[in-house]
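Novice: Sequence:
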Amino acid sequence: MQYQTISQTGTFAVEQNKVLRNTYLMLALTMIPTVIGAFIGLSTNFSFMANYPIMAPLVMFAVMMGMLFAVSALRNSVWGIAALLGFTFVAGWFLGPILQHALHLRNGAQLVGMAAGGTGIIFFSLATIATVTKKDFSFMGKFLFIGVILLVVASLANLFFQVPALSLALSAIAVLIFSAYILYDISQIIHGGETNYVMATMSLYLNIYNIFVNLLSLLMAFNGERD
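Throughout the sequence shown, residue numbering follows the numbering used here, covering 7 to 233 in sequence.
Derived from the structure by calculation, the hints contain no laboratory data.
Computed from a prediction, not measured in an experiment: that's the story for all the values here.
Positions of the beta carbon are idealized from the N, C-alpha and C atoms, including for glycine.
Hints may be right or wrong, so weigh each one.
[Unchecked claim] Label-pair ranges, simulated between beta-carbon atoms:
(1) Phe130 - Phe151: 21 to 27 Å
(2) Leu172 - Phe52: 29 to 35 Å
(3) Gly198 - Ala171: 28 to 34 Å
(4) Met37 - Phe75: 18 to 24 Å
(5) Leu31 - Ile135: 16 to 22 Å
All chains, please: the whole structure from these sequences, using the hints.
Specialist: Printed below as a string of structure tokens:
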């Protein structure tokens with residue numbers, strides 16, 4: 007009986023290590039369509055966003071939610087991988103407006119690099135903590151979910167009110183929430199809460215994406231050098 011328990015524990019550990027390894031590999035792969043999409047986004051005319059400052063972000067949000075639903079529905083097939091890569095391409099393209107705005111600043115390229123570097127440091131630091139300590143961060147799940155819901159509601163409300171101070175506060179809160187989600191999501195993989203590497207990759211990708219966007223917004227607000 008004891009041998010069987012040890013064997014089952016060992017098998018579980020091997021499976022979860024496999025999920026974690028495949029997740030990291032897939033996460034690295036998603037950066038390729040993201041970068042391609044971002045370069046295309048840089049040359050795209052997003053003037054419709056200025057003409058429809060409320061409707062345009064809502065449409066973009068709806069498109070991303072629809073694609074996320076597709077990834078979730080196809081997660082157990084090879085089409086799930088294709089849908090995930092398609093989603094990351096579109097997500098990269100949607101970076102166009104903020105990257106265009108950043109690169110119009112005198113130090114825009116530096117700020118983009120700082121945001122990318124900062125995002126990388128946050129991810130690798132927290133991923134290492136979650137992996138090495140193997141601490142169970144599942145207790146954070148409900149708090150983080152509520153935090154995201156409140157963040158989305160406040161962000162949608164700010165589309166109408168356009169309060170700059172609130173935008174900065176929401177960006178800072180978003181960086182904190184999605185950083186904490188890195189700990190939670192990797193903990194879920196390690197402890198068996200997530201066994202599908204497509205869904206695990208999507209969760210971590212969204213964390214990284216949101217940290218980068220909000221970190222860049224904060225850097226532009228506080229360190230942007232305008233002509």
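Novice: Evaluate each hint against the coordinates.
Specialist: Now for the hints, and whether the structure bears them out:
Here the CB-CB span from phenylalanine 130 to phenylalanine 151 is close to 25 Å, well matched to the stated 21 to 27 Å. About 23 Å separates the C-beta atoms of leucine 172 and phenylalanine 52, a value inconsistent with the hinted range of 29 to 35 Å. For the pair glycine 198 and alanine 171, the beta carbons lie near 42 Å from each other, so the given range of 28 to 34 Å is not met. Taken as a hint, the range 18 to 24 Å holds for the pair methionine 37 and phenylalanine 75, whose Cβ atoms sit roughly 23 Å apart.
A hinted range of 16 to 22 Å for the beta carbons of leucine 31 and isoleucine 135 is consistent with their spacing of about 21 Å.
Of the numbered hints given earlier, the model fails hints 2 and 3; all others are met.
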